[in-house]
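Chemist: Position in the sequence shown (from 1) plus 908 gives the number in the working numbering.
No lab work stands behind these hints, which were simulated from the structure alone.
Heads up, some of the hints might be wrong.
To be verified - Pair ranges (Cβ atoms, derived):
#1 Leu953 / Ser1016: 18 to 26 Å
#2 Ser1014 / Arg971: 35 to 43 Å
#3 Val1002 / Arg972: 20 to 28 Å
#4 Ala915 / Trp1017: 31 to 39 Å
#5 Glu1007 / Asn979: 22 to 30 Å
#6 Gly927 / Arg972: 40 to 48 Å
#7 Arg956 / Trp929: 14 to 22 Å
#8 Ala920 / Arg972: 20 to 28 Å
#9 Ser928 / Gln962: 32 to 40 Å
#10 Asn963 / Arg990: 18 to 26 Å
#11 Leu953 / Gln976: 38 to 46 Å
Idealized CB from N, CA, C, for every residue including glycine.
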Amino acid sequence: MSVNDVAQFVAAAVDVGPGSWPREFKMRGDRTSSATKVETIAFTLRTRKHSRLQNELTQYEQRRIWTQWWNVQRLMATADGRCDFQQANLNAAVDLEPESFVDWLSRSWTE
């Protein structure tokens, strides 16, 4: 899902009207594994245990290295399933088709 897709979803949500909004809107593009989309590209996979991420988070906070702190926060949220929406209520409420991950990656890679 691209930034343009997000903007279109936000505009569509405004058109729906805040009177009918749920507590939280969720939207999604492709629901897929990124690794399956980049099979032909050589890359190194680096894995870390969740407990190690928590330790890194604490270290970055103590050292006030906020860029790394936010990166680890995003990794932990992803590992915890926060970014995996099976039920995307905003997708169901509006008539939009977000850009596929493969299309976004191909376009972004060549820009």
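Chemist: Now look at each hint and say whether the structure bears it out.
Modeler: Here's how the hints hold up against the structure:
Separation of leucine 953 from serine 1016 is about 20 Å and conforms to the stated range, judged on CB atoms against 18 to 26 Å. Look at serine 1014 against arginine 971: about 38 Å separates their beta carbons, and that is inside 35 to 43 Å. One distance hint, 20 to 28 Å for the beta-carbon pair valine 1002 and arginine 972, is violated here, with the actual separation near 41 Å. Between alanine 915 and tryptophan 1017 the C-beta distance comes to about 22 Å, which lies outside the given range of 31 to 39 Å.
A C-beta distance of roughly 24 Å is found between glutamate 1007 and asparagine 979, which places it inside the suggested range of 22 to 30 Å. One distance hint, 40 to 48 Å for the beta-carbon pair glycine 927 and arginine 972, holds here, with the actual separation near 43 Å. For the pair arginine 956 and tryptophan 929, the beta carbons lie near 37 Å from each other, so the given range of 14 to 22 Å is not met. As the Cβ distance of alanine 920 to arginine 972 is approximately 39 Å, the hint placing it in 20 to 28 Å is violated.
Separated by about 39 Å at the C-beta atoms, serine 928 and glutamine 962 satisfy the suggested range of 32 to 40 Å. Separated by about 20 Å at the C-beta atoms, asparagine 963 and arginine 990 satisfy the suggested range of 18 to 26 Å. Restraint check, leucine 953 to glutamine 976: a C-beta distance of roughly 20 Å breaks the suggested window 38 to 46 Å.
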